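> Residues per chain are reported as follows:
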Amino acid sequence: MSKTNAAAARALTSSSHFELFGLAPAFSLDRDSLERAYRDIQSRVHPDRFAASGDAERRASLQWTTRVNEAYRALRNPVQRAKHLLELHGVDVAFETNTQMPTDFLLQQLDLREELDRAKAKKDARLLDALRERLRADKESIEGKLEALIDRGHDYAGAVDEVRKLMFLEKVESEIDQAYE
Amino acid sequence: MALLQISEPGMSPAPHEQRRAVGIDLGTTNSLVATVRSGMASVLPDALGRPLLPSIVRYLKDAGPEVGYSAQARQAEDPKNTIVSVKRFMGRGLKDVAHIENAPYDFVDAPGMVQIRTVCGVKSPVEVSAEILRVLRKRAEESLGGEIAGAVITVPAYFDDAQRQATKDAGRLAGLNVLRLLNEPTAAAIAYGLDNAAEGTYAVYDLGGGTFDLSILKLTRGVFEVVATSGDSMLGGDDFDQRVFCWIVEQAKLAPLSARDTRLLLVKAREAKEYLTFHGEARITARLSTSEFVDLVIDTETFCNITHTLVQKTLGPVRKALRDARLAVDDIKGVVMVGGATRMPQVQRAVGELFRRDPLNNLDPDKVVALGAAMQANVLAGNKPEGQDWLLLDVIPLSLGLETMGGLVEKIVPRNTTIPAAKAQEFTTFKDGQAGMSFHVVQGERELVADCRSLARFELKGIPPMAAGAARVRVTFQVDADGLLSVSAKEGTSGREASVTVKPSYGLGDADIERMLRDAFDHSRDDMHARALAEQRVEGERLLEATVSALEADASLLPAEERAAIDQAMARLQSLIGKTDHRAIKQAIEALNHATEAFAARRMDEGIRRALAGRRIGSL
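In order, the protein sequences belong to chains R and E. Once you know that position 13 of the first sequence is 13 in the numbering used here, the rest is easy, because the numbers rise by one and skip nothing. Converting from the second sequence to the numbering used here requires adding 181 to each position, the first position being numbered 1.
FYI, nobody ran anything at the bench for these hints, they're computed from the structure. Hints may contain errors.
[Stated by the list, open to error] In silico EDC-like pairs for lysine to aspartate or glutamate, Cα to Cα no more than 16 Å straight-line:
hint, chain 1, residue 1, chain 2, residue 2
1, E, Lys514, E, Asp539
2, E, Lys399, R, Glu173
3, R, Lys123, R, Asp177
4, E, Lys514, E, Glu534
5, E, Lys501, R, Asp55
6, E, Lys767, E, Glu722
7, R, Lys145, R, Asp155
8, E, Lys261, E, Asp287
9, R, Lys145, R, Glu162
10, E, Lys767, R, Asp55
11, E, Lys671, E, Glu771
12, E, Lys276, E, Asp290
13, E, Lys501, R, Glu35
14, R, Lys171, E, Asp539
15, E, Lys501, R, Asp48
16, E, Lys760, E, Glu716
17, E, Lys399, R, Glu70
18, E, Lys276, E, Asp632
19, E, Lys592, E, Asp570
20, E, Lys767, E, Glu716
21, E, Lys501, R, Asp117
22, E, Lys501, E, Asp512
23, R, Lys171, E, Glu534
24, E, Lys592, R, Glu175
25, E, Lys565, R, Asp48
26, E, Lys604, R, Glu70
[As the list claims (entries may be wrong)] Distance ranges between label pairs, derived from CB positions:
hint, chain 1, residue 1, chain 2, residue 2, range
27, E, Asn377, R, Gly158, 47 to 55 Å
28, R, Asp129, E, Met221, 43 to 51 Å
29, R, Asp129, E, Pro645, 50 to 58 Å
[As the list claims (entries may be wrong)] Quick look at which bits of chain E chain R covers, simulated, 3 or more residues with Cβ under 8 Å:
hint, stretch
30, 572 to 580
31, 758 to 765
What you are looking at is a predicted structure, and each value in this text was computed from that prediction instead of being measured. All C-beta atoms in this analysis are idealised placements derived from N, C-alpha and C, irrespective of residue type, glycine included.
Take these sequences, add in the hints, and give me the full structure.
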């Protein structure tokens, strides 16, 4: 039992998300390659392949598929992907503790939130659509910066602020989504 | 029972015998069983050639229950003992069920799940559902000529954990080896997608008798990937009947009705609804027990008006799923219509208008779910269909979380996460020296615990004395391929770990299931023993067979001593399987499982390695 768990733990935690899918670690992502690797792996480890197998294989399959799903989800999400890359380079994003942000960004955020509240109060789906569009553009611009900082500049510590900004925007985005309901 | 043959290493064994596997659509109104024979999925009819089994169970005083058409025929006569639409009560408490005041039953409010008092005693919805499943199992066994190796049972995609667990329990109670719970719209997508070699993004609009689901799937080269699912597990064709029923009561100015008259008028309402699908108006006549006579005519326009809000209610989840999938209406290549209630013209119209295209109706909306389930069951049982191999990636429909201070919900696994999934989060203590923590697991999208569904509560005890905030309690949520949740909590800082695992069971514990199984077998020990032995033998043979093929495929991954241990465990199981001690067989199964654990882990690793290697060569 302990031997298995040790082997499983190694395979399940040691490799980076990128390594798991045979990808080079980078913020810029080849979505097609990721998707193909994900599907190729899933078609070999998914529980549906082991529904008629013994407990040991069913359990192992559940563990592996869970790990593969988690890595896939993390890589597709820009914040999680950047955070993972930074961590691989020994940089802790420390979302919770260090929340100092540039003033102009914070003002922008206040503005966004006010508009969101207005749209909510008016129950206006079109205002929400416009907000979502604006947010998407903001996110894309930050993602461009991250690509330059991480992939070309290898400035991992310098990327921390941008990752945090992106995380802020993601939060607003999920609030917009909730506002529709 | 035949002994399993093991071939010499390196020699290929005889081709596997096809395992009999079935797909079961356990519907609110009707249920079906289907299977794949020589590559074709088909619904198995009853002895009279009828494919549907009305999901109606009538309990009798001194005999076994009537299920299906015979129960349906007597429903108005014996409403209290004739349970219809039991699916609405699965995994539900009394306060969760809509229109419960109109249901003519003698309800008993039990913790977790409502129960019904009948002439045959108090019955849980799980037991009632098991009666339906048992009839379908027998039908399949007679039709296929032998025991069923496994079954896939479908559930509405929007079913929560309690409803899923209840469905799986019902399967177990009916003596089925439940290979998987499969979401109904996903099953429909398999049947539709394989039939039409469909590629692209599709929506499945599934309006059944009691539930509504909307799933969005991406179909690409043999992969069915659910990208978002949404719905309402308390909305279906029954609600349309209910509206017509209320209209009748209002128009005919009827006083409060007896259970029998209620059921009679509900049946009349349903008939009128179905008639209106093909006609401009329907006449409703009924003689009540009060000797009042109802004689009304309802036209299409009135019917559309009184049900307009119901149709509109389905469109909210459609928009929500599109938003969750980050897709626009124009990204959807087609809308597959599933469920008998989608036959109503006003539903077809509303869906057509929203998606700006005609819905796809080329499959029988009553059968498509069972057919898809049969195809999936066939694959899961290990019968690789010729030239067909697909992968199914499904999601959880509702977010899972924990209650935190102030009755708020901390979401741990968000909705539309691909399953299987696990997520861990750390919590800490609130007071100095706090020795225990209690956890409340909930499911739903709302921020307040009171607005979500309570799944389970459990406690972690034995936390060593520490200052407030010093303990590190890691709570892990694991959702398996059936969409079922287990939660564990572990305290780590002290090095002394405490852990607990809960499987939410909604008032139906393992002991309850066992009691019900015993009841079903008339307390007969012999039957129980025979059944346990048969189960262990099937399980043992399955494991031996799986191990043989794993050894054939990957023997190179095994060090000699491990191989020896596995061979020994196999030989032991092999020697016990023909004997009659089911406990010894069970132990040998566990021992073999244990012996193959490290091997199984290496095989998964190897699978990933091969997947990546294959891809690199392929892309060169």
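> All the hints need checking, so say for each whether the structure fits it.
Results for each hint:
1. For the given pair, Lys514 (chain E) sits about 11 Å from Asp539 (chain E) by alpha-carbon distance, which is consistent with the 16 Å threshold.
2. Distance hint between Lys399 (chain E) and Glu173 (chain R) is unfulfilled; the C-alpha atoms sit about 24 Å from each other, more than 16 Å.
3. Using a Cα cut-off of 16 Å, the hinted pair Lys123 (chain R) and Asp177 (chain R) holds, with the two alpha carbons roughly 13 Å apart.
4. Between the alpha carbons of Lys514 (chain E) and Glu534 (chain E) the distance comes to roughly 14 Å, so the proposed pair stays at or under 16 Å and holds.
5. Distance check on the hinted pair: Lys501 (chain E) and Asp55 (chain R) sit about 38 Å apart at the alpha-carbon level, beyond 16 Å; violated.
6. Restraint check: the Cα-Cα separation between Lys767 (chain E) and Glu722 (chain E) comes to about 11 Å, which is no more than 16 Å; the hinted pair holds.
7. The hinted pair formed by Lys145 (chain R) and Asp155 (chain R) meets the criterion: a straight-line CA distance of about 11 Å does not exceed 16 Å.
8. Proposed proximity of Lys261 (chain E) and Asp287 (chain E) is supported: the alpha carbons are some 7 Å apart, at most 16 Å.
9. Distance check on the hinted pair: Lys145 (chain R) and Glu162 (chain R) sit about 8 Å apart at the alpha-carbon level, within 16 Å; holds.
10. Of the pairs offered as hints, the one joining Lys767 (chain E) and Asp55 (chain R) holds, with about 12 Å between alpha carbons and a cut-off of 16 Å not exceeded.
11. Proposed proximity of Lys671 (chain E) and Glu771 (chain E) is contradicted: the alpha carbons are some 26 Å apart, above 16 Å.
12. Between the alpha carbons of Lys276 (chain E) and Asp290 (chain E) the distance comes to roughly 9 Å, so the proposed pair stays at or under 16 Å and holds.
13. In summary, the hint linking Lys501 (chain E) to Glu35 (chain R) is not supported, as the alpha carbons are separated by about 25 Å, beyond the 16 Å threshold.
14. For the proposed pair Lys171 (chain R) and Asp539 (chain E), the alpha carbon gap of about 37 Å is over 16 Å, so the pair is violated.
15. For the given pair, Lys501 (chain E) sits about 29 Å from Asp48 (chain R) by alpha-carbon distance, which is inconsistent with the 16 Å threshold.
16. Between Lys760 (chain E) and Glu716 (chain E), the direct Cα distance comes to roughly 13 Å. Compliance with the 16 Å bound is thereby established for this hinted pair.
17. With a CA separation close to 19 Å, the supplied pair Lys399 (chain E) and Glu70 (chain R) exceeds the 16 Å bound.
18. With a CA separation close to 13 Å, the supplied pair Lys276 (chain E) and Asp632 (chain E) stays within the 16 Å bound.
19. Simply put, Lys592 (chain E) and Asp570 (chain E) have alpha-carbon atoms about 35 Å apart, too far for the 16 Å limit, and the pair is violated.
20. Taken as a hint, the Lys767 (chain E) and Glu716 (chain E) pair is honoured in the structure, with Cα atoms around 10 Å apart against an allowance of 16 Å.
21. The straight-line distance between the Cα atoms of Lys501 (chain E) and Asp117 (chain R) is roughly 20 Å, outside the 16 Å bound, and the hint therefore fails.
22. A hinted pair counts as satisfied when its Cα atoms are at most 16 Å apart, and Lys501 (chain E) with Asp512 (chain E) qualifies at roughly 15 Å.
23. Using a Cα cut-off of 16 Å, the hinted pair Lys171 (chain R) and Glu534 (chain E) is violated, with the two alpha carbons roughly 33 Å apart.
24. Of the pairs offered as hints, the one joining Lys592 (chain E) and Glu175 (chain R) holds, with about 14 Å between alpha carbons and a cut-off of 16 Å not exceeded.
25. About 12 Å separates the Cα atoms of Lys565 (chain E) and Asp48 (chain R), which keeps this hinted pair within 16 Å; it holds.
26. This hinted pair checks out: Lys604 (chain E) and Glu70 (chain R) have alpha carbons roughly 8 Å apart, not beyond 16 Å.
27. Taking the beta carbon of each, Asn377 (chain E) and Gly158 (chain R) are about 51 Å apart, inside 47 to 55 Å as hinted.
28. Hint check: Asp129 (chain R) to Met221 (chain E), Cβ distance near 47 Å, so the stated range 43 to 51 Å holds.
29. At roughly 53 Å, the beta carbons of Asp129 (chain R) and Pro645 (chain E) sit within the given window of 50 to 58 Å.
30. Against chain R, the stretch 572 to 580 of chain E contributes 3 residues with a C-beta closer than 8 Å to a partner C-beta. That satisfies the three-residue criterion, and the hint holds.
31. Given a C-beta distance limit of less than 8 Å, the hint that chain R covers the stretch 758 to 765 of chain E is violated, as 0 residues qualify and 3 are needed.
Of the numbered hints given earlier, the model fails hints 2, 5, 11, 13, 14, 15, 17, 19, 21, 23 and 31; all others are met.
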